[in-house]
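Be aware that the sequence shown starts at 9, since it is given in the working numbering, and climbs by one per residue.
Calculated lysine to aspartate or glutamate pairs in the EDC-like style (CA-CA distance at most 20 Å, straight line):
1) 241 - 222
2) 241 - 140
3) 252 - 222
4) 66 - 140
5) 184 - 194
6) 252 - 217
7) 184 - 289
8) 66 - 136
9) 241 - 142
Quick list of simulated restraints, FRET-style, between CB atoms:
10) 328 - 354: 40 to 50 Å
11) 401 - 79: 19 to 29 Å
12) 250 - 72: 31 to 41 Å
13) 182 - 145: 48 to 58 Å
14) 124 - 201: 25 to 35 Å
15) 247 - 124: 22 to 32 Å
16) 76 - 401: 21 to 31 Å
17) 201 - 394: 27 to 37 Å
18) 201 - 120: 16 to 26 Å
In case anyone wonders, no lab produced these hints; they're calculated from the structure. The C-beta atom is built at its ideal place from N, Cα and C for all residues, glycine as well.
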Amino acid sequence: MSPHSPTSLQFDKQNHTNRNLSFIIAEQFIHNLSQTIVNNNIDMLDYDNTNSSLVRYKTLYRNYHGIISSFVCIFGLTCNLFNIIVLTRPLMRSSTNTILTSLALSDLIKMLFVLPAAIFFYCLQSTEHKSEPDFSSRFQVTFYMIQMLVTLTLHCISTWLTVLLAGFRYVFLSCKTLTAYVSTPDRALIGVSAVVIVSTILCIPSYIEHRLAENPLNDTDFLTNTTNNKPIKSYRFDETALSKYLNLRGTVFVLHSVIFKLIPCVLLLLFSFLLIQQLRDALKKSEKLQTHSILPSSAASSGRIRGRRREKENRRTTLMLVIVCALFLVTELPQGAILLLSFISKTNSKYYYTIYQQLGDTFDILALINNSVNFILYCLMSRAFRDTFKQTFCFGCQKTEGRESAMSFAQLSISKHRQKK
Numbered sequence: 009m010s011p012h013s014p015t016s017l018q019f020d021k022q023n024h025t026n027r028n029l030s031f032i033i034a035e036q037f038i039h040n041l042s043q044t045i046v047n048n049n050i051d052m053l054d055y056d057n058t059n060s061s062l063v064r065y066k067t068l069y070r071n072y073h074g075i076i077s078s079f080v081c082i083f084g085l086t087c088n089l090f091n092i093i094v095l096t097r098p099l100m101r102s103s104t105n106t107i108l109t110s111l112a113l114s115d116l117i118k119m120l121f122v123l124p125a126a127i128f129f130y131c132l133q134s135t136e137h138k139s140e141p142d143f144s145s146r147f148q149v150t151f152y153m154i155q156m157l158v159t160l161t162l163h164c165i166s167t168w169l170t171v172l173l174a175g176f177r178y179v180f181l182s183c184k185t186l187t188a189y190v191s192t193p194d195r196a197l198i199g200v201s202a203v204v205i206v207s208t209i210l211c212i213p214s215y216i217e218h219r220l221a222e223n224p225l226n227d228t229d230f231l232t233n234t235t236n237n238k239p240i241k242s243y244r245f246d247e248t249a250l251s252k253y254l255n256l257r258g259t260v261f262v263l264h265s266v267i268f269k270l271i272p273c274v275l276l277l278l279f280s281f282l283l284i285q286q287l288r289d290a291l292k293k294s295e296k297l298q299t300h301s302i303l304p305s306s307a308a309s310s311g312r313i314r315g316r317r318r319e320k321e322n323r324r325t326t327l328m329l330v331i332v333c334a335l336f337l338v339t340e341l342p343q344g345a346i347l348l349l350s351f352i353s354k355t356n357s358k359y360y361y362t363i364y365q366q367l368g369d370t371f372d373i374l375a376l377i378n379n380s381v382n383f384i385l386y387c388l389m390s391r392a393f394r395d396t397f398k399q400t401f402c403f404g405c406q407k408t409e410g411r412e413s414a415m416s417f418a419q420l421s422i423s424k425h426r427q428k429k
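Model the full structure from these sequences, guided by the hints.
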């Protein structure tokens, strides 16, 4: 019986006091109405439907994506180069910085491929063919495929390096027996190598899913201002026979949505929560030690100053972890959720996948921004990084710091001499 049929409405009037039945009928009506709207939107939401808000947004943003991506890539290349130079200084050598250096190197190589792709396929391309290569150019089509596969692999590596970094920090803070084992740069390098190898292996299905195919095409079909029928070469992407035989398309969907997106998000969120708890516990323990301290007033004052410094450093570290976690989740979690829904949904698969396609450029620019802001976070949150950066690149600052350190050392010696008298 339909919830909005005359019989049903008459039945509701006669039993107005029955709230449970009314609630069930209303719930069924809302469910049926929402299903009708979704089913109608599945057919309406495609690339040719200019009335769709997602399509209008994609068309509008696509005109600016190339310029924005180019500037972000140039900024990110510079920042990641600074990260690599600073983090590889002898004084900065540690297990954490080894992983951060590998992360910066992965992001730098990724942007080296994304920058020419943004110029070729967005900035230099006509409005109606933006985001696509020139299919009559074998070079552009080949570079398009290589760029997609390389950026996919490097993005997977960067994702799992972030998880590895959070895991190393948690083990370093919580497991005292394993601290010496994980604190060496060599152990971190082994973990980085394992991430690179496993990520590359997981991307193999994507490597063999498609191939470059050649097909003849008439000039009248490809160039509207040409009237001759001389066939010219055109290229396309075809699914390989091995991919069809092994049904790799479903495997690639699962890898992209679950292994590359959802699982890293869950792990990073878990590790970040545990790290924040560790920092809070350490801060509480420090406050208790200061409260029960029986040192003289001058010593207690210096102890309080050191405690405040530790508290400020803990807050900065906690804030950096929260920012890194938030940026990662904003970038990766929506993509993984939409891809997973498009794969497991039997009725709305096309609907979810179309949404993912319309937001592809937005997801890409978010990922690029996420790969570029680490330098800013390091400068804001790490005093050692700032000092090393100034010593490496700011020669005037280095001389000034040298004079200040000499003066502070002289003042310390004078104060000690007076105390002895």
